[in-house]
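Could you put the whole structure together from the sequences, leaning on the hints where they help?
Next come the chains, spelled out residue by residue.
2 protein chains.
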Amino acid sequence: MVRVPLTLDERERGERLGRALRAARARRSIVDVATQAGISPETLRKIERGRIPTPAFFTVVAVADVLGLSLDELLAGLATDTERIPAGDLATLAR
Amino acid sequence: MVRVPLTLDERERGERLGRALRAARARRSIVDVATQAGISPETLRKIERGRIPTPAFFTVVAVADVLGLSLDELLAGLATDTERIPAGDLATLAR
DNA sequence: CACGCGAGCGGTATTAGTATTGGGGCATGG
DNA sequence: CCATGCCCCAATACTAATACCGCTCGCGTG
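For the record, the sequence lines run as chains R and W. Numbering-wise (full-length UniProt numbering), the first sequence opens with residue 1 and increments by one. Numbering-wise (full-length UniProt numbering), the second sequence opens with residue 1 and increments by one.
Heads up, some of the hints might be wrong.
Any copy will do: because identical chains look the same in the list, a pair fits if it lies in one copy or spans two.
As the list claims (entries may be wrong) - Subject to a maximum C-alpha distance of 25 Å in a straight line, what follows is the list of computed SDA-like cross-link-like pairs (lysine to any residue):
# : residue 1 : residue 2
1 : K46       : E10
2 : K46       : T59
3 : K46       : Q36
4 : K46       : S29
5 : K46       : V61
6 : K46       : D32
Calculated from the structure, these hints are not laboratory results. The structure displayed is predicted, hence computed values, not measured ones.
So, in structure tokens, the structure goes:
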């Protein structure tokens, strides 16, 4: 076995990370945040949509930095997903 | 070119991350930490040696968690490398 | 002393997956 | 209209993660 395919759990974890980042981005545009973070808008979009379940470490760091988000809070929000998202951000998410 | 090769800066950044993780591991063995973090010892060793300059986000998270290291302090230590390592850890490193 | 042992290192090989560019498509609002 | 913002698809270069091999070095033990 060389490199095992990602499990379902790992993919779901990636989706939670994406949702957390999208919620933090709120009303700013993908292009805005991506260029400021030094990555391509397509990559950010894929991360937010969970299409990149295990993004590179420094990529996540750069995005979180632009969003003014501490990595520790970001991780804390991953465990319990939606339950931890404030009502206001939920509305933003559903828009 | 679809995906440009990593720059020298990015590789050096990976080496700093590796050194920081190794310093945090201190006296514990690679195998011990790696298995506890759920990754292969080979991978952890390569990350510590800078051979994996941009490791996956959750891989770094798992290792930092096992080492009891906050991601925020880990990142803070990356900027200025050795100057920020306390004397005690430097001695450990040189051993 | 010689021996093995634990720990780590470098090389190579393999597959899964990331990051990126560029294309097109569909709304919404100035 | 046309810009903005988001989405999907395809192709491609490069990397992550894993595994196996042999090698080295320090340490304690017989």
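To see whether the hints hold, each was checked on the structure:
1. For the homomeric pair K46 and E10, the shortest alpha-carbon distances inside one copy (15 Å) and between copies (22 Å) are both at most 25 Å.
2. Taking identical chains as interchangeable, the C-alpha atoms of K46 and T59 lie at most 25 Å apart whether they share a chain (12 Å) or sit on different chains (19 Å).
3. With identical chains, the CA atoms of K46 and Q36 are at most 25 Å apart within one copy only, with a shortest distance of 17 Å there and 30 Å across copies.
4. In the homo-oligomer, the alpha carbons of K46 and S29 lie at most 25 Å apart inside one protomer (14 Å), although the nearest pairing across protomers, at 36 Å, exceeds that limit.
5. In this assembly of identical chains, K46 and V61 lie within 25 Å of each other by CA distance both inside one copy and across copies; the values are 16 Å within and 20 Å between.
6. In this assembly of identical chains, the alpha carbons of K46 and D32 lie at most 25 Å apart only when taken from the same copy (15 Å versus 34 Å across copies).
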